[in-house]
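Trainee: Below, each chain spelled out in residue letters.
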Amino acid sequence: MNTAAQNVMVVLVTVPNAEEASRIAKTVVQEKLAACVNIVPQIRSVYSWKGEVCDDPESLMIIKTRAELFGAIRDRIKELHSYEVPEIIGVRLSDGIDGYISWVFEVTRSSS
Amino acid sequence: MNTAAQNVMVVLVTVPNAEEASRIAKTVVQEKLAACVNIVPQIRSVYSWKGEVCDDPESLMIIKTRAELFGAIRDRIKELHSYEVPEIIGVRLSDGIDGYISWVFEVTRSSS
Amino acid sequence: MNTAAQNVMVVLVTVPNAEEASRIAKTVVQEKLAACVNIVPQIRSVYSWKGEVCDDPESLMIIKTRAELFGAIRDRIKELHSYEVPEIIGVRLSDGIDGYISWVFEVTRSSS
Chain D
1 MNTAAQNVMV VLVTVPNAEE ASRIAKTVVQ EKLAACVNIV PQIRSVYSWK
51 GEVCDDPESL MIIKTRAELF GAIRDRIKEL HSYEVPEIIG VRLSDGIDGY
101 ISWVFEVTRS SS
Chain Y
1 MNTAAQNVMV VLVTVPNAEE ASRIAKTVVQ EKLAACVNIV PQIRSVYSWK
51 GEVCDDPESL MIIKTRAELF GAIRDRIKEL HSYEVPEIIG VRLSDGIDGY
101 ISWVFEVTRS SS
Chain W
1 MNTAAQNVMV VLVTVPNAEE ASRIAKTVVQ EKLAACVNIV PQIRSVYSWK
51 GEVCDDPESL MIIKTRAELF GAIRDRIKEL HSYEVPEIIG VRLSDGIDGY
101 ISWVFEVTRS SS
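Just so you know, the sequences run in chain order D, Y and W.
For the record, in the first sequence the residue sitting at position 6 is 6 according to the working numbering, with numbers rising by one throughout.
For the record, in the second sequence the residue sitting at position 11 is 11 according to the working numbering, with numbers rising by one throughout.
For the record, in the third sequence the residue sitting at position 40 is 40 according to the working numbering, with numbers rising by one throughout.
With the rest of the complex left out, here is chain D (with noise of 0.2 Å):
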């Protein structure tokens, strides 16, 4: 087991489309905020607003960084989000291939 794995995260983060997916995840990878980030473009998003049940079509952005690194760019996501309430949410690794789990070291910066 690669127990380096457990500090690495996925964050998850919707956004309203594909153009705005792109312009977040190339910026967060620019400042080595994230190693890789993969882009769904297209999906359909249920929720609840202000008591109404919503449908609206979202992109959905499975981002892959330090878990260190949360914190920061949870508030540079936020700066760059279109939404007051932006869906920025994390998931710590159990495990992963060891020069995957070194590359995402490598690209990213360290937080201290």
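Hints listed in this document are in silico derivations from the structure and should not be mistaken for laboratory results.
Accuracy of the hints is not assured; some may be wrong.
The list makes no distinction among identical chains, and a pair is therefore deemed to hold if it is satisfied within one copy or across any two copies.
Under the rule of at most 25 Å between Cα atoms (straight-line distance), these lysine-lysine pairs were calculated in the DSS-like manner [said to hold, decoys possible]:
no., residue 1, residue 2
1, Lys78, Lys26
2, Lys78, Lys50
3, Lys26, Lys50
Nothing here was measured: the structure is a model prediction, and the numbers come from that model.
Once you have looked at the hints, place chains Y and W on chain D.
Mentor: Relative to the frame of chain D, chains Y and W by itself:
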């Protein structure tokens, strides 16, 4: 870190098509069993069933709700779902942005 | 709560296209290394590679299997995968519906 996030779960459910995904999503959000549901309308699913390797079109639901509601939403989806053995699996979050986590609790009911 | 679910893992793998996803998926299910694989055929991936920010089309595999099989499926996918450093990362479940969790164990082999 937002420790309340660890009381929020991502629940994954696969369904035969986007219509069933939308119907189930609207019901669980309406009934305050989930805060939001992302639907990935077109996926392929490769799986083992009665000794055969099958490959079928499906849709994927990515549900965000309170961890304490997993039992209730599991049972409600089982009622609504067209499969005999639906995939209903959950992963607790490690962290999340404050505004979003508070919103999840605002728009879902308590399990007690 | 179904504690056996915590011995099941969601494994995420990205591949260049849906054909490679389907080939790998059928192999790992056939060889009882995975119970099922959802393939999201069209995603965009933004990532850092040798100092450049790249943006390429990929497909995403969402694999469900026993946690004890992570090493075996990691090594088998590495053999089958066309990348030098493939993303193969896993997250243990927190909970799951009984019938599905039992099925995962029925259709996969033990690691011992």
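Trainee: All hints, please: hold or fail.
Mentor: Evaluated hints:
| no. | hint | result |
| --- | --- | --- |
| 1 | Lys78 x Lys26 | within (15 Å within a copy, 27 Å between copies) |
| 2 | Lys78 x Lys50 | within (21 Å within a copy, 28 Å between copies) |
| 3 | Lys26 x Lys50 | between (32 Å within a copy, 15 Å between copies) |
Taken one by one, the earlier hints all hold for this structure without exception.
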